[in-house]
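Q: One letter stands for each residue in the lines below.
Number of protein chains: 2
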Amino acid sequence: MTKQQLTENILAKKSYLCVGLDTDLGRIPQHLLSESDPIFAFNKAIIDATEDLCVAYKPNIAFYEALGAKGWESLQKTLDYIPDNIFTIADAKRGDIGNTSRLYAKAFFETMNFDSVTVAPYMGVDSVSPFLEFENSWVILLGLTSNKGSRDFQFASQDGQMPLYEKVMRTARTWGTDENLMFVIGATHPEKFAEIREIAPDNFLLVPGVGAQGGDLAGLSKYGMNESVGLLVNSSRGIIYAGDGKDFAEKARAAAQKLQEEMAELLQEKFG
Amino acid sequence: MTKQQLTENILAKKSYLCVGLDTDLGRIPQHLLSESDPIFAFNKAIIDATEDLCVAYKPNIAFYEALGAKGWESLQKTLDYIPDNIFTIADAKRGDIGNTSRLYAKAFFETMNFDSVTVAPYMGVDSVSPFLEFENSWVILLGLTSNKGSRDFQFASQDGQMPLYEKVMRTARTWGTDENLMFVIGATHPEKFAEIREIAPDNFLLVPGVGAQGGDLAGLSKYGMNESVGLLVNSSRGIIYAGDGKDFAEKARAAAQKLQEEMAELLQEKFG
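Residue numbers (my numbering), protein chains in the order written: chain Z, 1028 to 1299; chain F, 1028 to 1299.
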């Protein structure tokens, strides 16, 4: 999917919502456990209930990997079930030496046909570039993450010039373009979005941390939105575990709709 | 496996060799492709040919993941086949927010029963700590990696105090102990090993980059060895693809033996 298509989808659906599929056997409704593939049964119901309200789905790969080979089958079925016009994100946070990153890229872009994959920057250029070489595919590179540990290394000044997250973003912008590179910027740092937009004016940002982690949608949208919208705001647990009974999908829809309606207003303010 | 057991194995086998199982359908001998599981058939032959010469095996998870669910089955079979007294490393370079890292830890330590997993530090404490909470399990955290891209961020001075790799190591040593935390230090930086031993005197180091990447075994061993040996030196392609015909396992053994014999000499110099 191109950047332009993504923006068009957002404006058409009045939503820049990404639904995170952090699907956990310990948290899905009990009545699904008798299904032959409870993980897929849950995801299918969530997708049916939310696909008109969101523009992206983000399976968190750890949740599938923790189930071994069976988990990968559930993941593939989920990916196949997501409508083609919805952007898919493998939230995998991979990154390794060149020949290995190339195989991770192959895993997510060819074996599984995701639109994008999240990548960790620590190992530098040859750990990221192989992901950028696949056509019609996106790297979503960790910039400033939403978690407590983001304060351990990401804010330290690099050679007295700029914090690590900024150096990562500025350096990575020389590796890719706004047509194949996005950044992860946590919603838990809303005060940073104006500055982030100076560093990366044109790149889309994937923003986790609204909902369970406490980020502020209006604040980050005000400063983070650009002329292409430029935001994919993710909620995982706040949507998919909104209910835990037989009506879980309706509850998930209601939670997604609440965010979508807020997004529609914020888009209206910006784009009229 | 405890640190003491690992050291005992090294001294008994006169080897601190780790064999990297970067098993690639495009590079294994053609005659194996007719097997029902060519990846496992190859790994089994490599393990049979090298298990007395090495103290660790390191499957590179990307190579299995690129094959989808079938790859995970080959990985599980490989892991089950590795003798219990050989240390196993899931070279996965994972790391995510706390609840997600916990699931990656579960995937590698419980679902698959690896002794250790490589972890990326960018997201800080809550991305690493969940891996440290599993008993008899090890985190091998990226410190200074062997690749070209290690120069992009890892050497930059943090707040004018020390390079990023040093800050990562010093910080992480407050999260774990030398009984559950090792560091990845690339063999391509042999001049750094004396300094690395000042930063982390007691931790084991996993050292990739000997062989295909050009690192120097004698140099890094001289400065990197400590009283517990403290080194696991990995070779992947240099061993497993030493031959590409029907005698590939013998060729792999010969390549492993060459490294093991050099290690035996270096251990002799240090421990007598």
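Mixed in with the good hints there might be a few duds.
Which copy is meant is left open, because identical chains are indistinguishable; a pair holds if it fits in one copy or across any two.
Below, simulated EDC-like cross-link-like pairs (lysine to aspartate or glutamate); rule was C-alpha separation at most 16 Å, straight line [said to hold, decoys possible]:
{"no.": "1", "residue 1": "K1249", "residue 2": "E1162"}
{"no.": "2", "residue 1": "K1040", "residue 2": "D1079"}
{"no.": "3", "residue 1": "K1104", "residue 2": "D1229"}
{"no.": "4", "residue 1": "K1249", "residue 2": "E1225"}
{"no.": "5", "residue 1": "K1249", "residue 2": "E1292"}
{"no.": "6", "residue 1": "K1297", "residue 2": "E1062"}
{"no.": "7", "residue 1": "K1041", "residue 2": "D1079"}
{"no.": "8", "residue 1": "K1273", "residue 2": "E1292"}
{"no.": "9", "residue 1": "K1133", "residue 2": "D1051"}
{"no.": "10", "residue 1": "K1071", "residue 2": "E1137"}
{"no.": "11", "residue 1": "K1273", "residue 2": "D1079"}
{"no.": "12", "residue 1": "K1297", "residue 2": "D1075"}
{"no.": "13", "residue 1": "K1097", "residue 2": "E1137"}
{"no.": "14", "residue 1": "K1249", "residue 2": "D1064"}
{"no.": "15", "residue 1": "K1278", "residue 2": "E1062"}
{"no.": "16", "residue 1": "K1041", "residue 2": "E1162"}
{"no.": "17", "residue 1": "K1041", "residue 2": "E1292"}
{"no.": "18", "residue 1": "K1249", "residue 2": "E1222"}
{"no.": "19", "residue 1": "K1041", "residue 2": "E1062"}
Bear in mind the hints are in silico, worked out from the structure with no lab data behind them.
Q: Next, verify each hint and record whether it holds.
A: Here is how each hint holds up against the structure:
1. K1249 with E1162: For K1249 and E1162, the Cα distance exceeds 16 Å both inside one copy (32 Å) and across copies (46 Å).
2. K1040 with D1079: For K1040 and D1079, only the intra-copy Cα distance (7 Å) is at most 16 Å; the inter-copy one is 61 Å.
3. K1104 with D1229: Neither way: K1104 and D1229 sit 33 Å apart in one copy and 46 Å across, limit 16 Å.
4. K1249 with E1225: within (14 Å within a copy, 48 Å between copies)
5. K1249 with E1292: within (11 Å within a copy, 65 Å between copies)
6. K1297 with E1062: Close neither inside one copy (45 Å) nor across copies (60 Å); limit 16 Å.
7. K1041 with D1079: within (10 Å within a copy, 63 Å between copies)
8. K1273 with E1292: The answer is neither: 31 Å in one copy and 67 Å across copies each exceed 16 Å.
9. K1133 with D1051: Intra 26 Å, inter 12 Å, cutoff 16 Å: inter-copy only.
10. K1071 with E1137: Answer is neither: 22 Å inside a copy and 27 Å across each miss the 16 Å cutoff.
11. K1273 with D1079: neither (21 Å within a copy, 56 Å between copies)
12. K1297 with D1075: neither (29 Å within a copy, 65 Å between copies)
13. K1097 with E1137: between (19 Å within a copy, 15 Å between copies)
14. K1249 with D1064: Answer is neither: 41 Å inside a copy and 54 Å across each miss the 16 Å cutoff.
15. K1278 with E1062: neither (20 Å within a copy, 49 Å between copies)
16. K1041 with E1162: neither (27 Å within a copy, 48 Å between copies)
17. K1041 with E1292: within (8 Å within a copy, 68 Å between copies)
18. K1249 with E1222: For K1249 and E1222, the Cα distance is within 16 Å only inside one copy (12 Å; across copies 47 Å).
19. K1041 with E1062: neither (34 Å within a copy, 52 Å between copies)
This entry does not satisfy hints 1, 3, 6, 8, 10, 11, 12, 14, 15, 16 and 19, going by the numbered hints stated previously.
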